[in-house]
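Produce the entire structure from the sequences given, and follow the hints as far as they go.
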Amino acid sequence: MKMKIIKNFSLFLFILCFQSLIAQSEYSFEDFDYPEETVTWGSKSKSTYFIPMGENQRLLTGSKLFLNFKTSEVLNFNKSFVTVAVNNIPFSTKRPSQDGNSIDFQIPLSQRQVNSGFIRIDVISDLKILDEYCEVYNEGAFWLRRLGTSQIVLNIKENKEIQSNTISSYIKQVKAIYLPENPTLTNVKYAAYIQFYFKNELGRKLEVKTLPKSLDSIKSKSVLLGELRNFDDLPGKQSITQGLNSEKGLVKLHHLKKEDTITGDAGTEPVVVLVTGNDLTGFEKAAQSFLDKDILQSAFTSSYQVDQGKDLKSYIKDDYQEISFRNLGVSEEITEGVGKMKKEITFPKALFPPGLSKLSLNLKFAYRPLKDNEAAYVNIYMNDVLKYSNSLNNFGSFDDVLHFDSVEFRQQNNLKVEYYYIPEGGQCVVNPSSFYAQIDLNNSRFVAEAFNKREQLSFGTFQQHFSKNKTNIYWDSPNNPQDISVIGELLEVFNSDILTKEGYIYPNILPLDSLQSNINSHNGIIITSNSTSLQEFESSNAYVAIDKDKYYFEKEDFNRYFNIQYAENIALNQLFESGDKEFMFIYNPKERPETLARLVQDIEESNFSSSDIILANENNSYSFSLRNINKPDKEEIEGDFDAFWKNYGIIIIFGFLILMIVLLIYIFQKSQESKNSIIENK
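If you count by mature numbering (1 follows the signal peptide of the UniProt record, and there is no 0), then the sequence shown holds residues -23 to -1, 1 to 659, one letter each, in order.
Treat the hints as calculated values from the structure; they're not laboratory data.
Possibly wrong hints are sitting among the right ones.
Claimed, not checked - Simulated restraints on C-beta separations: (1) Ser24 - Asn55: 20 to 26 Å; (2) Ser24 - Asp349: 26 to 32 Å; (3) Phe27 - Gln298: 30 to 36 Å; (4) Phe277 - Gln83: 40 to 46 Å; (5) Gly306 - Ser279: 32 to 38 Å; (6) Tyr4 - Val51: 18 to 24 Å; (7) Asp284 - Pro189: 28 to 34 Å; (8) Pro189 - Asn142: 24 to 30 Å; (9) Pro455 - Asn142: 49 to 55 Å; (10) Ser74 - Ser301: 41 to 47 Å; (11) Ser301 - Asn495: 34 to 40 Å; (12) Asn55 - Arg122: 19 to 25 Å.
Quantities reported herein were computed from a predicted structural model and do not represent experimental measurements.
By construction, the Cβ of each residue, glycine as well, lies at the ideal position given by its N, Cα and C atoms.
Shown next, in the form of structure tokens:
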């Protein structure tokens, strides 16, 4: 009996351990950056979804795709069909239910349906309308709506059999960064950089931790970040030190002890990857190599040394005067169907210099040449405003330039290219021919044409302003892991609209006491718990002054504003200018990581786009503007004058010359009259 209990308990432990390697999760389409619901129009339509899978993940039995659709009530249910294909293989075709005009699919998923790291899902519709309604409803009644209840259930197993004996394979599995017990500002800087880079380039969200007193408790799949002198108890440290020259960086897979206490294997799998050096210069070179995906993924070795690092300080984001759709990351695809079809393209305003007022679009696409009895139209929308509409000719090629000079550009803008195709005989005809079109991504481009107004500094425009000059982050907060993660989030905000991967912006992180020596040469982001840091600037530059628990608010269009003494310290984030440089002042009086995180995370909130100050505590935040947004500044006045002079300068000069000629003639005539009068009097 006792042996039976032991066997059952052992079986339970085995199942528990096995299940720990398997994760079943339910995902909505929003989790993969698709809208909660989508609607396709037209009698024939096709929509495609890509579900990403990790390289070390395998789909197990139990993974399923649930698709729920709603259709138009006036469809001919016996002649309307929807087909779902997975990885280009049709799985099921159904017609709408006659009682609820709905269609539901439940499709099992397996590992063999994963191709190039994605599961591809195609939804193809072929809809018909009852004859008595077709001529009345026509295009507007052909629609298929994917409901928000659709979901993907993934039963995933992490593949533990992948050998991690090279850096290139190991970095795809890392989960954490360990820093020395008392990290320096340089440690903090590179931990934040690496955390940000791995999240954006490798899809790995790394946790930042402090090195424990015993290295045995370090978990596998980790990065040890710091100089070799920071790791006193590191096994084999002496041999590493002797084999590494000064000012050289080292990246190395390393066992913490002969037998891996995590896996129980004797030297079969490295536990950590060392990013280190004998001195500060060497360490920085090694850490900089961890910010280059090409270097990491081509490191088919267990170690490498770095002689020359990567310059992170010189990069300033270039403003695009023009950018092609391909550089925007638009996917290459054919739009196909009958009736209304669309292709949507989003782009951030921050791609262009501040004050964008006029944008042109060179749009080029090819389409199926039309027959004599067919008709097709193209409609162009910018931020849901119709800007262009025209019929397509029979030649199969469209190439035109459109100008957007009366659009209120948003932080994220949406261009919609809508095709409307009417087949021969209309959409009610049986088996109509399909229309298809494809945009030329290389030759279709946006071109910035005018910058008449200078946008005032706000949380909606700070990326455009700050990325024009080199920026430093000045830091005097505690170097704890939670605060380091906040710096990573700040880098995320700073780089959120950068599309070219050849260079992220990595602001240098410096101690607060170096602010004064850089105040006239760099933009600055100040993160501090010391309210006197603002005294480095003239009082007229900032809109909030702080004296212990007193807050002095100023506002441009008021002679006086509020002076307030709060019962508890409130954190703030404010933007202001000093000379020709921009600054962000983040004040966290109680040094609470939760409050600091809120001040950074709220920067990108849409309701903060025109604000220049955020007040917050751990639970709440609010933003508003202390600048007079209706007050024109000197550059705007000069810009308006330059534009006026460019348009009307010649006319003004010509008019002035005519006026001078008329005046000279008038003076000459008066002079002659006076002369004649004098002669007659004599």
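Here is how each hint holds up against the structure:
no.	hint	result
1	Ser24 - Asn55: 20 to 26 Å	holds, 23 Å
2	Ser24 - Asp349: 26 to 32 Å	holds, 31 Å
3	Phe27 - Gln298: 30 to 36 Å	holds, 32 Å
4	Phe277 - Gln83: 40 to 46 Å	holds, 43 Å
5	Gly306 - Ser279: 32 to 38 Å	holds, 35 Å
6	Tyr4 - Val51: 18 to 24 Å	violated, 33 Å
7	Asp284 - Pro189: 28 to 34 Å	holds, 32 Å
8	Pro189 - Asn142: 24 to 30 Å	holds, 26 Å
9	Pro455 - Asn142: 49 to 55 Å	violated, 38 Å
10	Ser74 - Ser301: 41 to 47 Å	holds, 45 Å
11	Ser301 - Asn495: 34 to 40 Å	holds, 37 Å
12	Asn55 - Arg122: 19 to 25 Å	holds, 20 Å
The structure fails to meet hints 6 and 9 from the earlier list, while all remaining hints are met.
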